[in-house]
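Chemist: So you can see what is in the structure, the chains are spelled out below.
6 protein chains.
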Amino acid sequence: MRPSGRNLGEMRAVSIETGVLKHAEGSCLIKVGDTHVLCTASIEERVPPFIKGTGQGWVTAEYGMLPRSTSTRMRREAASGKQGGRTVEIQRLIGRALRAGVDRLALGERQITVDCDVIQADGGTRCASITGGWVALRLAVNKLMKAGDIRIDPLVSEVAAVSCGIYAGQAVLDLDYPEDSEAGVDGNFILRGDGRLIEVQMSAEGATFSRTEMDTLMGLAEQGVTDLVAIQRKAVA
Amino acid sequence: MRPSGRNLGEMRAVSIETGVLKHAEGSCLIKVGDTHVLCTASIEERVPPFIKGTGQGWVTAEYGMLPRSTSTRMRREAASGKQGGRTVEIQRLIGRALRAGVDRLALGERQITVDCDVIQADGGTRCASITGGWVALRLAVNKLMKAGDIRIDPLVSEVAAVSCGIYAGQAVLDLDYPEDSEAGVDGNFILRGDGRLIEVQMSAEGATFSRTEMDTLMGLAEQGVTDLVAIQRKAVA
Amino acid sequence: MRPSGRNLGEMRAVSIETGVLKHAEGSCLIKVGDTHVLCTASIEERVPPFIKGTGQGWVTAEYGMLPRSTSTRMRREAASGKQGGRTVEIQRLIGRALRAGVDRLALGERQITVDCDVIQADGGTRCASITGGWVALRLAVNKLMKAGDIRIDPLVSEVAAVSCGIYAGQAVLDLDYPEDSEAGVDGNFILRGDGRLIEVQMSAEGATFSRTEMDTLMGLAEQGVTDLVAIQRKAVA
Amino acid sequence: MRPSGRNLGEMRAVSIETGVLKHAEGSCLIKVGDTHVLCTASIEERVPPFIKGTGQGWVTAEYGMLPRSTSTRMRREAASGKQGGRTVEIQRLIGRALRAGVDRLALGERQITVDCDVIQADGGTRCASITGGWVALRLAVNKLMKAGDIRIDPLVSEVAAVSCGIYAGQAVLDLDYPEDSEAGVDGNFILRGDGRLIEVQMSAEGATFSRTEMDTLMGLAEQGVTDLVAIQRKAVA
Amino acid sequence: MRPSGRNLGEMRAVSIETGVLKHAEGSCLIKVGDTHVLCTASIEERVPPFIKGTGQGWVTAEYGMLPRSTSTRMRREAASGKQGGRTVEIQRLIGRALRAGVDRLALGERQITVDCDVIQADGGTRCASITGGWVALRLAVNKLMKAGDIRIDPLVSEVAAVSCGIYAGQAVLDLDYPEDSEAGVDGNFILRGDGRLIEVQMSAEGATFSRTEMDTLMGLAEQGVTDLVAIQRKAVA
Amino acid sequence: MRPSGRNLGEMRAVSIETGVLKHAEGSCLIKVGDTHVLCTASIEERVPPFIKGTGQGWVTAEYGMLPRSTSTRMRREAASGKQGGRTVEIQRLIGRALRAGVDRLALGERQITVDCDVIQADGGTRCASITGGWVALRLAVNKLMKAGDIRIDPLVSEVAAVSCGIYAGQAVLDLDYPEDSEAGVDGNFILRGDGRLIEVQMSAEGATFSRTEMDTLMGLAEQGVTDLVAIQRKAVA
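Protein sequences appear in the order of chains X, P, H, F, Z and U.
So the first sequence is numbered by our numbering: it starts at 21 and just counts up by one.
So the second sequence is numbered by our numbering: it starts at 21 and just counts up by one.
So the third sequence is numbered by our numbering: it starts at 21 and just counts up by one.
So the fourth sequence is numbered by our numbering: it starts at 21 and just counts up by one.
So the fifth sequence is numbered by our numbering: it starts at 21 and just counts up by one.
So the sixth sequence is numbered by our numbering: it starts at 21 and just counts up by one.
Chain X with its partners taken away, still in its complex shape (with noise of 0.2 angstroms):
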């Protein structure tokens, strides 16, 4: 029933290869189907203003897509003098949904950049940066321990993300873009290691939806994460 032929909890392929660019603390390139995305955790010794001198440190994430990641070209939000109100939301959860998995004092009063780049695009895009995003936080953090500049480890938990929503009236995991831009319902689903909410996002497409739904789409989405988070735990052992 499904474009793909997917089962209906059956999430694409994911692969994740770390250390892919020689300048960034971390990287990887995450792969979930076609989605494609580079990830990179910068660190900087300097935080915001609003917490300087309380002793924590931030994270913070950016995203943006190339002008040729989607099936017709997209203007370059460079070019057109600003980030759109998609952009904008995409970047504001990622960073919030990262820093959900990290204790700040802990990481001490320093920054971490995630930057997540769609190279290319197939649905998913802002699940697939959060995984990915964790694997470059993770690394770079990995980095500031082995050099000694931080003794605990920040990082909580694992942090990972996966899309449902009903398609053709049944509820999926994972939608590739064929099936995201039909559903009538459509969830984003940010959740920890040791299985923790951190963000749950559903909203109706067209089609509004039922406290079962609601309930059948969170199972997928349980079930998802459990797998990305043992795909992030071998990508970064």
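Hints listed in this document are in silico derivations from the structure and should not be mistaken for laboratory results.
Note that this is a predicted model, so its numbers are computed, not measured.
Any given hint could be a false lead.
Since the list gives no way to pick one copy over another, a pair counts as held whenever it fits inside one copy or between any two copies.
Calculated lysine-lysine pairs in the DSS-like style (CA-CA distance at most 30 angstroms, straight line) [claimed, not checked]:
#	residue 1	residue 2
1	LYS163	LYS42
2	LYS163	LYS254
3	LYS102	LYS42
4	LYS51	LYS163
5	LYS72	LYS163
6	LYS102	LYS163
7	LYS166	LYS42
8	LYS254	LYS102
9	LYS72	LYS51
10	LYS72	LYS102
11	LYS254	LYS72
12	LYS42	LYS254
13	LYS166	LYS254
14	LYS102	LYS166
15	LYS51	LYS254
16	LYS72	LYS166
Since the structure of chain X is already known, use the hints to place chains P, H, F, Z and U on it.
Modeler: Frame of chain X, contents of chains P, H, F, Z and U only:
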């Protein structure tokens, strides 16, 4: 336990005054405790390019805060030269929410813009904007129907929203600013008058949450929206 | 002869409600007929760079119109990415006018920002903003004086403004929108409560004018401002 | 008493050199003492959307200052990404002033843009721009008439402007920069060659003023504009 | 003598992988040593207004660097609200260079946009963008020809570019970042596969240069481009 | 053969009038045929952050065109909200060129900004800007030396620029606008008074070129710059 002395499941006093502005096709001033939002609905006999010729209409929203709606003066967005990420995120949410209660074919090829301007802020401005925005929309649609421009009522059901969160370890309904700024988990719940879910957003702000807590918050929200819909119905009667 | 049926030298009904917002140090809602402006005064204990260290304070103003304050919806300036020329011109005028009633040394090194937001427009919004803005400023200064932060009253005199113009060949006081859009000559007159002139702007809009007409308009304005000052005094008493 | 040694009612030396640029339909370099403004008039066979199809033309103006026209270098507005409030205010004034001398039906559906670029500034740049701008406009219109594109002269009368102010307690004509920066009251007076008033702006800058002072300034201005119009007539003869 | 141990006239290892993205009509990843650029070519069946109706096509380019392509993180241009001067200069150069190898009549009224996004930077990104950009362009044109949309091959010759400079007093080919940042003279040479020159830019960066040095650099460049063209031909074969 | 009737190696008449503005530390009006550029040099006793504390000075440049310097009116860059790509490219070039003639340690920690504003354009504005800009710079430096603020002359040599190109198949010196708009190859050559090369830019505009043609253009440029330097020396004597 709550700073305001309210019970865990108790909303603030809500009032909706309609017809407060003479130019707008629909308008109301919604007060949810000390959060006051002026909502207007403006009808235009044109639609955005992407639906031109489809016979369908469009409902969109814009959101703003007056500079001194907050306890310290905010910079005016018109002066800083752009709408911030939070503003963009909120107005996209309001528009999406209202559209989920609209039969766009019945509306016909016209656009209704709902403006939500926060006069005074004390937490929950986006939820108040949605609840009040729907009232302004209802009044504008009534005008179109009375004039015979529309035959079938395009408003399928009411749309209302409420926030819930975990404050001091307890699930509470309708957070005011002192609660909102301290809450570990914060959620916005948008439902229709017929009980269908439109959008659910739950977000960890420091603390993460469990599925049980998620269910409790959802339950509080359902009860809160039921009350709001009753107030909406009375306001537009 | 006037669309409203008023006499040539008759102002619209004016009311000023004070203390309408809980956060601002000073606030009022001024209604001049159907023109409604929300005015707030916000105190900050810092001054612009160019007067730092001089012991003098500063009063500045910002002006905005809600998108549906007008008969057809205006584009939100925050969305279009900048304040238009008219807005910039008006807010510079309001600030300059209010400063002409202030002893800036007595105010001390602090800044008061007066925000004038037009809720509903029907002609004369800049004059209503000045008249209402002064009331908000007065209330904020009262607060500073009551708190003992200021000893000598820095407000030398009231500041109020009214428009006059030549409509259908006749000099009239306090133009409403139907008059304003047809007037051949349009003037704004800003005076102090002690009768001194602060700013006079008369402008041909289609028709030019003679010195005699200029004198007649000036005379009407003096009479109008006398009435406005009486209303201001009552409001802040 | 005046820094320049001029009498109270004495203008600076004024010269207008025409035809200084080869591309513009009309051009002149006006020198009012050390204030030098390059004025050009550019004809386009199109009008702004709001008058399309009305058979009327439009005259508009733009104003700029070269970065080193002033005693210390100003930031280039093109580099700072927008025209400042003062620039916007001045160019709106110039356009409004010039239009008051134009029969827009006689002009026909075309637009003339008058650019006023300040090469060197020593006070009174907006007045010099209007006076010089009219000359450029006259020359461009002459070209249209000579070519037979216009039959009836659309320029009803000359338009010229001068500043007056109260400097060291005395009413003086045509303020230069040292006077302008010290003047307690500052006014700009725009008149037509036939003596009709177009725009009067008097503004307190520290001191307020009385009606008697207002009348004295007005009288000086009428005398100054009479002289300027004579110079304009000679320049375009 | 060179930091990398290369001979004076020795280029870095160059590889070009084609077809790396599924959406773009043409794409490649070019690696010149540690400089990696992702190049895509996007076809649109429309042309810019200035050539509409001429029967000619257009080739244009855009350039960007991922924030962490560099050794310290750069600010994202989309976030800073505009493309910097260097970016604008480079993308104009790439477009101009590629057009010099195109018969725009043979291309027909369509536009091909070549996007060059630097994944990792180590000197020479603009030259790598041109060389890789041509390959993407070639692949997109092949697609048009295969589909029968174009009859005559519009690509007259290959276009490739290389940098040369004077490093530590010696003329060297293909500067990497350590050389580039120290070179006294820096040049970019763009040639066609048939040996014709498209663009030569030589620039003193601290040191000036003589005609003899200019000739030496030119000679190195010719040799470098010959090698690059061979690699291009192999990649698109 | 040339539209102007000039010989292939003949420059237009060049004049440089110095001291044309009273505020600038150095100024000149350079006329190269009908191309007229006003150049000023402004001294500031501060340097950009990146060289603070190094004891070195900085020379930078800005470039602009008056809206009606061209045959049809250009949009004012201040009004369109940003400097176009061409402007940015040119002003970077002017600054780089002038710095190549400056001993920045001898200049000391101060900045000189050279503004080049095109009053009238007829081809070759960037070259005229460099040649005239150097004269303004020389005059400003003379002022510093006369005042004893600088001991050792920081201007190592003159800097001048000329364009050459291939027009109608022939190599010609100093292209005017009719030639420039038709030339198949266009080059800008910046040299010092001592014959050293600073920047060479040759660019195909439709036609490509050979090394022999490149050499011919270079030869013409050397001869042209020799003449320009003689005129510069006379102007500043």
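Chemist: Could you run down the list of hints and mark each one as holding or not?
Modeler: Evaluated hints:
1. Taking CA atoms no more than 30 angstroms apart as the test, LYS163 paired with LYS42 passes inside one copy only; the shortest distance there is 14 angstroms, against 34 angstroms between copies.
2. With identical chains, the CA atoms of LYS163 and LYS254 are at most 30 angstroms apart within one copy only, with a shortest distance of 18 angstroms there and 40 angstroms across copies.
3. For the homomeric pair LYS102 and LYS42, the shortest alpha-carbon distances inside one copy (29 angstroms) and between copies (27 angstroms) are both at most 30 angstroms.
4. For a Cα distance limit of 30 angstroms, the shortest separation of LYS51 from LYS163 qualifies both inside one copy, at 24 angstroms, and across copies, at 27 angstroms.
5. In this assembly of identical chains, the alpha carbons of LYS72 and LYS163 lie at most 30 angstroms apart only when taken from the same copy (23 angstroms versus 33 angstroms across copies).
6. Taking identical chains as interchangeable, the C-alpha atoms of LYS102 and LYS163 are never at most 30 angstroms apart, the minima being 33 angstroms within one chain and 33 angstroms between chains.
7. Only within a single protomer do LYS166 and LYS42 lie at most 30 angstroms apart by alpha-carbon distance; the minimum there is 18 angstroms, versus 39 angstroms between protomers.
8. With identical chains, the CA atoms of LYS254 and LYS102 are never at most 30 angstroms apart, being 37 angstroms at best within one copy and 40 angstroms at best between copies.
9. Proximity of LYS72 to LYS51 under the C-alpha cut-off of 30 angstroms is found in neither arrangement, the shortest distances being 37 angstroms within a copy and 37 angstroms between copies.
10. For a Cα distance limit of 30 angstroms, the shortest separation of LYS72 from LYS102 qualifies both inside one copy, at 28 angstroms, and across copies, at 26 angstroms.
11. In the homo-oligomer, the alpha carbons of LYS254 and LYS72 never lie at most 30 angstroms apart, since the shortest distance is 35 angstroms inside one protomer and 48 angstroms across protomers.
12. Taking identical chains as interchangeable, the C-alpha atoms of LYS42 and LYS254 lie at most 30 angstroms apart whether they share a chain (21 angstroms) or sit on different chains (28 angstroms).
13. Taking identical chains as interchangeable, the C-alpha atoms of LYS166 and LYS254 lie at most 30 angstroms apart only when both belong to the same chain, with a minimum of 19 angstroms there against 44 angstroms between chains.
14. Proximity of LYS102 to LYS166 under the C-alpha cut-off of 30 angstroms is found in neither arrangement, the shortest distances being 38 angstroms within a copy and 38 angstroms between copies.
15. With identical chains, the CA atoms of LYS51 and LYS254 are at most 30 angstroms apart both within one copy (15 angstroms) and between copies (29 angstroms).
16. In the homo-oligomer, the alpha carbons of LYS72 and LYS166 lie at most 30 angstroms apart inside one protomer (25 angstroms), although the nearest pairing across protomers, at 35 angstroms, exceeds that limit.
Of the numbered hints listed earlier, those contradicted by the structure are 6, 8, 9, 11 and 14.
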